[in-house]
Structure formats: C-alpha cells, structure tokens
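Please build the complex by placing chains B, C and D on the supplied structure of chain A, with the hints as guidance.
Protein chains in written order, with the working numbering: chain A, 1 to 288; chain B, 1 to 288; chain C, 1 to 288; chain D, 1 to 288.
Some clues are possibly wrong.
[To be verified] Calculated Cβ distances over 10 Å to all of chain B for the following chain A residues: (1) A23; (2) A39; (3) Q41; (4) T58; (5) T63; (6) G73; (7) R86; (8) I145; (9) K152; (10) R211; (11) Y226; (12) D232; (13) R251; (14) Q263; (15) R267; (16) A288.
[Claimed, not checked] If you want the footprint, here are the derived chain D segments under chain A, 3+ residues with CB under 8 Å: (17) 41-49; (18) 90-100.
Simulated from the structure, these hints should not be mistaken for lab results. None of the values given here were measured: they were computed from a predicted structure. We put the beta carbon where it would ideally sit given N, CA and C, even for glycine.
The lines below spell out each chain.
Number of protein chains: 4
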Amino acid sequence: MAADRAHTATLRVHCADRPGLVAALAQLLYGHGANILDADQHADARAGKFFQRIRFDTRALHTDRVSLERGIGEVAERFGMRWHLRYAGETPRMAIFVSKYRHCIYDLLQRHEAGELRCEIPFVAGNHPDCAPIAEHFGVPYHHIPVPRGGKAAAEARQLELLAEHRVDLVVLARYMQILTADFLEGFSGDVINIHHSFLPSFIGSKPYHRAHARGVKLIGATAHYVTAELDEGPIIEQDVVRVGHRDAVRDLVRKGRDVERQVLARAVGWHLDDRVIRYANKTVVFA
Amino acid sequence: MAADRAHTATLRVHCADRPGLVAALAQLLYGHGANILDADQHADARAGKFFQRIRFDTRALHTDRVSLERGIGEVAERFGMRWHLRYAGETPRMAIFVSKYRHCIYDLLQRHEAGELRCEIPFVAGNHPDCAPIAEHFGVPYHHIPVPRGGKAAAEARQLELLAEHRVDLVVLARYMQILTADFLEGFSGDVINIHHSFLPSFIGSKPYHRAHARGVKLIGATAHYVTAELDEGPIIEQDVVRVGHRDAVRDLVRKGRDVERQVLARAVGWHLDDRVIRYANKTVVFA
Amino acid sequence: MAADRAHTATLRVHCADRPGLVAALAQLLYGHGANILDADQHADARAGKFFQRIRFDTRALHTDRVSLERGIGEVAERFGMRWHLRYAGETPRMAIFVSKYRHCIYDLLQRHEAGELRCEIPFVAGNHPDCAPIAEHFGVPYHHIPVPRGGKAAAEARQLELLAEHRVDLVVLARYMQILTADFLEGFSGDVINIHHSFLPSFIGSKPYHRAHARGVKLIGATAHYVTAELDEGPIIEQDVVRVGHRDAVRDLVRKGRDVERQVLARAVGWHLDDRVIRYANKTVVFA
Amino acid sequence: MAADRAHTATLRVHCADRPGLVAALAQLLYGHGANILDADQHADARAGKFFQRIRFDTRALHTDRVSLERGIGEVAERFGMRWHLRYAGETPRMAIFVSKYRHCIYDLLQRHEAGELRCEIPFVAGNHPDCAPIAEHFGVPYHHIPVPRGGKAAAEARQLELLAEHRVDLVVLARYMQILTADFLEGFSGDVINIHHSFLPSFIGSKPYHRAHARGVKLIGATAHYVTAELDEGPIIEQDVVRVGHRDAVRDLVRKGRDVERQVLARAVGWHLDDRVIRYANKTVVFA
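Looking at chain A on its own, in the form it has when it is part of the complex (with noise of 0.2 Å):
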C-alpha cells in the first residue's frame, strides 16, 4: 500500500515481553484506521524484553490524534510500555558540533541537501572558526564558541542555551573534539551522538590511529555511539572497519579513516532521525 511519506507516523515501544503485546498493538491501530506500512520487532530472550517499531499510514485514520495517542497510552499503560510517537511533520531538530575537521559535516550537509537525512539544522557551533565557510555554503547559520582553558562551563553554557532556543533535539558530534561534561549531558534533552575513530572498544581514548598502527591491526573502524557520561562506552548505533596493511603509515590510517568516520556517521544519525533506534541497557536495538 503506498503511502504517501508526508501522511506517516512511527510508534516505537519497549518492555517486558509477554504475550499478546502485538496483537493488541496491531488491533489498536486497526480499530483507528491506522494502516500499518511496516513493522519491525525483537524479543530479547535473556533480557525478557520486547522492542518494536511501526510506521502506519495516518490518511485513513478515524478518530483524531488525541483519542490515537489516549489509545495507545492505555495499551501500554497496561503493558508497562514507554512508547515513542512521532508523525511525518515533526521533523527532528539536529544540531552539529565541530571542531577543526571538515569531512565529517562536509558529509552530513551534503546529505541532507540531498534530502538523505530526514531532519533540520538549525546551526552548527564550533569550537574553532574553521567549518564556518561550509555551513554558510549550505546555508547553516554558524556559531563559533570556542572553548579557552578554564572556560568549557562557560561554552556548554552557551551551547545549551543555544540548543533550548532552536529545540534541538539531536546533537551530533562530527569529529568535535571536546569531551561533554555530565553537567551538559544533564542539562540537554535530547540525544548527542559521536563519532569515535576506532573500531570500539579497541582503543579507546586518545590517538586510536596511532595505536591501530603501532599494534599492527590489519583493519581500522569507526563507531558511532550515543554519548553517556562515560567516556566512549556509550551505546554503539553502527561501526565499520577499513583494511589497512604494512604500506599504510598513520597520516594513511587518518586519510583511510575518514571515508569510514563519515559513512558509519552518516548512517547512525540517519536511523536515528527515522526513528529506527531504541536504547536499552547500554546497547541499542537497530530496525535499520
């Protein structure tokens, strides 16, 4: 049934598996005129947990939003589940955080030029001025913050209050390069993904090609993880590896890694603004 994509909507539920939950899921949406276009699900066996995402076409629906949303808040009132709906008109917000690295946001921009990302971006910040001519190309408005000795508070500040102001509900780090205190990860809403470059938890922490390379690994990676107050152990969306060989000196890991940083980038912010993410337990469930 082809479903006009601006007339969608996606509801993503998570919790304790038992019987019946999609059924009355299905029945629910059913009774609503809510015409399912796809649906995806997973049961964790071990974990005893049931994860679901669907997109249902919302021209045919009966009964307006509210006695939708009151619909599914019963089920999963009855259920324990939390629940995430979204219609097609509510574009995510997503924010860029840079530092001196161009290839990662020359990408993001790109695609969403291209119409790949679903979402808008209000602004990038930076913490150097360098990507600032990229996002004017683009026609992104660019804030330059930087983060002096001493003065990080003073920045996340500054960029939380700039993230409350546009209703950011994604931040993404594309090679920014600056830790977030707790105190911004609690001050912020939203979800911050990152991209680390290296196949985590390989070499964690600092220069990870430099030490790909000084161990000798055959393939280097890029993984992308939603940011937690735990340095790089943050839950992994996506990761992909590169080979490497005994020609390849560090200045070629970095060059290598780039193409890698910024394809495993783009793909784990694209599953998330399409809602094809659900967070547990420090992992992530993926209906990619």
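Structure of chains B, C and D alone, referenced to chain A:
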C-alpha cells in the same frame, strides 16, 4: 520470552496488501494462545504485495493444531493469502546433488554436523563417484547416478524416484555440473537451489571465471538462486563477492571463488530451511 | 628511508617479459644515485608481459634529469619498454565533467581540498548549471556548456578547446550524463575516467538501478573505468558493491549507490593520479 | 615468463634501509641466471627498515645452489641483511593442535586436500579425542595428548618430542584451548600461529563472544597472529569481521564467528606457507 526451539512454529504468508492484515493474524494467534516470538513483514508498495513471517511459541496453545490451522485458513481466505505453516518438529528433508567439486558438499555436511542447518539429509547423489567418501565420512548414503551422453532422461528418472522415496523437500545443487531439464523441475514438487559461480547477471552461462578474468573485473562473486526452467534466471536468494586483482590468474579466481561459493550457498540454504525466504515475481523476500 | 614527497619521481614501464629487466632498471637508477623508495612489479605469465612501477628519491641524484632520462631511454630501447616518468613537481591537471548529480563532484572537490588527490583542477564543465555553486565554493572555475539536441559536436569542440588551453591530462566524468563521441576521444590526448553506476558487466547501458531492482539482485555496485569508444567496455580500474534487500525500492538503490559511486571513483582517480595504473589489453594493472 | 611452480625459489630479506639494496640483489640474481618472477618490497620509512620478497625461476641457473647461496650471503653481509631462502621442493611441515572445535581443522585439512596449502601435515595433536575421526578421514595421524590439571609440562614435552621427530616448521593452533607456556615456545624453533576469536585488541582474553554481546558491538571478528609469550599480543597476520545485530544471541555470534575464524586462519596460514610474511617489531609485513 525464551522459547524452547522445539516448541515453535513458523507461519509465512503473502497476499495483496490491505489494511487489517497484521491485526487479523496477530489477533488470531493470540486468541489461540500462540505467543509471537518474532515477526517480520514487508509491503512492496509498488507491487501492492504484503509478506509476513511469524514465529510463535506453541506450548501455551489453548486449542489443537487442527483448530489453529482452520483459524489461519479462515483469515487466509478472507484476505486471499497464500500461507505455509511449519512446526519445529517437521524437519525439512534436503538432498544434495554433486559432481566432482568437493568444497560445497564438505561445507554443507560439516555445517549440518555442527547443527547449523536444520534439516535431514537422506542422501547425496552424484554423477561422478568422487564425493562418495565425503558422504560416507558424514554417514550420509551416496547414490552414484551417471549421466552419460543421451542418458539424462534415465538419470533424472532415477533422481526423481529417490526424491519421492525419501520425501525430499529441497534439492541443493552443490556445484552439480548438469542442467536440470524442465521435465525434472516439473516432476519434483519441492524447491531446487543452485550456486552459480558468478555475480549474476554478470557472466551468465559457462566458464564465468575465465570470462571474469578476460574482462578484468576487480571483484568476483557467487549467486545462490532457485532453479527455474530459465537457466541462471531464477529468483536470487543471496550473493557475495571477493576482491581480485591483476596478480590473480584464472586458477586464483577459481580458488577465491570456492570460498565465496560455499558461504553464499550455505547462507541461502540456511535461510530457506528456516522458512525465511518467500518467492514472488522472480525475486525473493529474505527475512534474515 | 624517509623521503620528502617533493623530491620523488615515479617511473612506470611495461614490455614483453625477459630475464634481466629488474636488474637493469635497478642498476641504472642506482648508478644515477636515485634511491628506490617503492617498487612494485607484475609479470603476466600468460600474456608474457612485464609491468613495473618504481618510486625513487631524486635528492641524491649524481646526474641531471637529462642524463637520467637518457639512461632510462637506453634501457627501454634495449628491452622494448614503454615508459613514463613523472617528477613530483609535475602535478597532473584534471578537469571534471558533470551534469546535475552533485555527490561525485562534491566528493572529488572535497578530497582535493583535503589534499587527498594530487592534482590541479583548472575547471569543471557541466552541461547544466546546477553544479556551478559547488565549484564556486571550492574556488574552481565552472564552464556551463549545454549539449542541446544536435549540438554535441559544438559542445565537444568547446570542451576540447578548454582541455587544450588548460593542458589537461585527465578528464573525470563525475556522473556526466552524455556519451562522449569517438571524435572527442581522438581529439583528447589524455585519459578519461568514468564512473558507471553498476557492477559491470552487469547492467551495461542505461538505468542500471532500475534493472538491478527488477532482477532482484542482493548487491549493487559501481565501476570506474577508462572511457573507450566502446560504451561501458573500457578497462576497469576499480569496483565495489553495497548490500541491498527486498526493503529497498529503486530510490533506495539510487541513494545507496551514490555512496559506492563516489568511493569507487575517488579511489580510481587517486590511483591514476599517483601513477599507480597501467593499461594493457583492455585491462588494468593497479599497484595500489 | 611462465614458470613451472616446481622450479622456483623464494628469497625473503630484511635489513636497515640503504641505497643500492634492490640493485644489489637484482644484479646478483641476474648474474646467477635466476629470473625474477615476482618481487615485492617495502620500506618502513619511520623504522628505517627494508623488506623484500623475491620469487625466481631456478631452471636457468648458471651456477649451483651452493654458489647462489654464497652470493646471497655475501650481499647479505654487506648490507646487514637477515635472509631466508626456500626452494619449491622444500615443502614446509605443519602440525595442527586442536581441542574439541571442528570447524578450523576441517577447513585446514580440506584446503590442504584441495591443494590450497603448500605443506605436509605429519600429524594432528589434540588434548581431546573429538577430532580424531576428522584427521583419520583425511589420512593424517592423530595424537591424543590430554592435558590434565598439573599435567601440562608432560603434555608439552610430548608435543615437543613429536614436533622434533617430524621436523615440524609450523604449529597451527586451530582453536586449541590451552595456553602454550614460555617453555614450550622456547623449546620449539618454528613458528606458532593462533586464531583468536575476536577482533584484537578488542576482547583480549577469554570469552570474547560473550563480552562482544554484552558490549553490543555491531561487528565481530577474528585475528590470526603469531604466538609469543605475551598472550594475545603477538604480531597480527590477518583479521576480518562479520556483521552482527540485535537479533544475534551469543550462540549466533559463535556460529557467525566460526566462519570468519576459519577464513582468517586459512589466509594467514596460506601466506605464511608461501613465505609471504615477515615479522618485525611485533608486527608483520604481508606480501599478499
């Protein structure tokens, strides 16, 4: 909800897409006490087709199998569904056809021994005697059925006889170097999976490695597909590739190709045996 | 032996294979004080051909370039070698031809900006105006050369004029949607690299993503090749693939394909610019 | 120049990098009538090290092997080279150590049977009897050497005795679940290759699949490395990965891991046997 694998059943359906399909099936299964463990569905918007695979726990069924199947049959009739239900106890029966190449049969029998392929293997048949010791090592009967010039009809008759006698559901052509006739395919009610040693539709027909070498491609591949009367044109189940370069002679392509052939074939066969594949319109939906 | 990249030269040779080739060249270079940094060679036993790429340090040359080249010329004559020598200072000059697609030109210009592609880019030419702002952002002149029905000869004449004026060595067709005529190819003495949006020889010709979708393949790919008068039949430099499935509509193939197109093209162009590719017999030797 | 594989020899050298190395060796071989078939070299600029592998045809040697080796020895002394020369007739001798897992030993023995691994396999040794029938099927003697608590010294003594008796050059640990002691490694003059079931340095130590599952990684891998006294820290020869997702339980990681383990091990062993690997500084140069 952890399920003893022995007490599950898998339902596959496909039909024209319509509202209410998911709810109707979920409700029906719930009503019978069948707890859904996994469900995967797909709607091909362009073709207007709906596909679903549901695996459920049968331990808490309130009713017997006859009632359950009658219920499914009624829903199926209402929606014009084609459906297929398999209980975990009904192990599929797979025969393997071989010629002289050993890598695919070794791989399949070893995976079977390791418990990776959920099937019984009543026999292996070969038009040469070469693979007999392998079958013997794994305790599988081997039938040597030569196909001399002019003798294909007789050989196929013997093959069909064995397939019927052993109630075989699936024939796997593990680099079987004979083309099956339309008569054979009509005479066998089950499915036939072949491994073609190229990345179809590149190099349809014979000697694909020689032609890949002549063309100077940088990747070679393999394709597992259902066999139809159109040679190399049946629905593709799985494909993969491996990198080659100017240092690789034809014999290196053959060697590298063996690895990708056996992996692609094993994945395709495993998915088929787990009822993860639905054929339609000369394509496949693979709920992997 | 670390070498300042600025003081290197790269010699490529190919000829009929004979004993003594490697020793003769190595001895000659050593005699002139050229220290070999890298050497890669290949003998195609079947074709009886020998290929070598030698990169050497020019800082300790005892002689001048004229003497060195005379020496190489003498060895080459003795062995019937074709040879090509490029000093690090002689940066190749690359023009980019585009139509409306933006992903490949963005990718090439961004990699050039990042120092990944060792070349100068005197201009971009497009038969549409769409990509002009991108060229402008990167500070590269853009020439809009429309190709109206019946106007290809005039357009190609203008292109050839620009190529000659800017002494261009390499034209990259970055999803340029026009077929170059045999006249153009004869009129341009340099190389032309094209990116084809399929895994050649699959889906030669137009609309490969539509045909890949119709055939139900499980991987799609892209192919970078030298352009010859035979459409889609020139020597392949690089190929890669990406996995697709039943959930992917044609527009998803197009989106996924963009990623693999730009990577494959960038690798091929990079290797060409580093003098890593030798063409022969409608194939390539790539010393990557 | 096509060479009968039986009449080739392979020379590997490494030393501090200096001008004239390539010329000296090429000249020497040419002088003795040894026609170079392949040569691959690498200079690690940072470490100031030079590595080369030369395969040459011995049929047209003007001199005998003693003279040739004396000549190589003289060049080696002049440049401070370590060198290793193997004639095609000197087939390496490989022993396989196993425990209960069957996939790696099957894979190695089957590849050996198919002519992919250029070695003799005088025996397989296992601390359990499980794999004896596999060795028997392939006609390889099996020694059951239990390693009871407190009995490792005796077991290793028996292993060393067998290795000496059969003049073994290479021991492959095909998922052998015992840690070899420093005494064993000192007592055995050949090389030992291990397959570790993670993408090192991720998940060093035991139960990597369980830990990968707990961490929620999206790729799992395997690493083939030379065994040193530092557990899981020896020089890496080869690595590869396979994609996993939220649907994969630990047992699925184990199953998927088996495939990548056996491929990675087979590639590493094959390269080692073809004299393609040079160890230095706890890393490897692999002329693959």
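For each hint, the structure was consulted:
At the 10 Å boundary, the C-beta of A23 (chain A) falls inside the reach of chain B, the nearest C-beta of that chain being 4 Å off. The beta carbon of A39 (chain A) is not kept farther than 10 Å from every beta carbon of chain B, the shortest such distance being approximately 6 Å. With a cut of 10 Å on Cβ distances, Q41 (chain A) falls inside the contact zone with chain B, its closest approach being about 6 Å. At roughly 12 Å from the closest C-beta of chain B, the C-beta of T58 (chain A) stays outside 10 Å, upholding its exclusion from the interface.
The claim that T63 (chain A) lies off the interface holds: its Cβ sits roughly 15 Å from the closest Cβ of chain B, which is beyond the 10 Å cut-off. No beta-carbon of chain B is positioned within 10 Å of the beta-carbon of G73 (chain A); the least distance is around 19 Å. No beta-carbon of chain B is positioned within 10 Å of the beta-carbon of R86 (chain A); the least distance is around 20 Å. With a minimum CB-CB distance of about 44 Å to chain B, I145 (chain A) clears the 10 Å threshold, and the non-interface call stands.
Non-interface status of K152 (chain A) relative to chain B is upheld: no Cβ of that chain comes within 10 Å, the nearest being about 46 Å off. Remark: the non-interface label on R211 (chain A) is consistent with the geometry, its nearest Cβ contact in chain B lying 27 Å away (cut-off 10 Å). Distance check for Y226 (chain A) against chain B: the nearest CB is about 26 Å away, which clears 10 Å, and the non-interface claim stands. For D232 (chain A), the shortest C-beta to C-beta distance to chain B comes to about 31 Å, beyond the 10 Å cut-off, and the non-interface label holds.
Separation of R251 (chain A) from chain B is adequate, the least Cβ-Cβ distance of about 24 Å exceeding the 10 Å criterion. Distance check for Q263 (chain A) against chain B: the nearest CB is about 18 Å away, which clears 10 Å, and the non-interface claim stands. Even its closest Cβ contact with chain B, about 18 Å, leaves R267 (chain A) beyond 10 Å, as expected for a residue assigned away from the interface. With a closest Cβ-Cβ approach of about 12 Å to chain B, A288 (chain A) is found to remain outside the 10 Å limit, as its non-interface label requires.
Using a Cβ-Cβ cut-off of 8 Å, 4 residues of the region 41-49 of chain D lie near chain A, which meets the minimum of three, so the contact claim holds. Beta-carbon proximity to chain A at under 8 Å applies to 0 residues in the region 90-100 of chain D; the threshold of 3 is not reached and the given coverage is violated.
Consistency note: the structure conflicts with the earlier hints numbered 1, 2, 3, 18.
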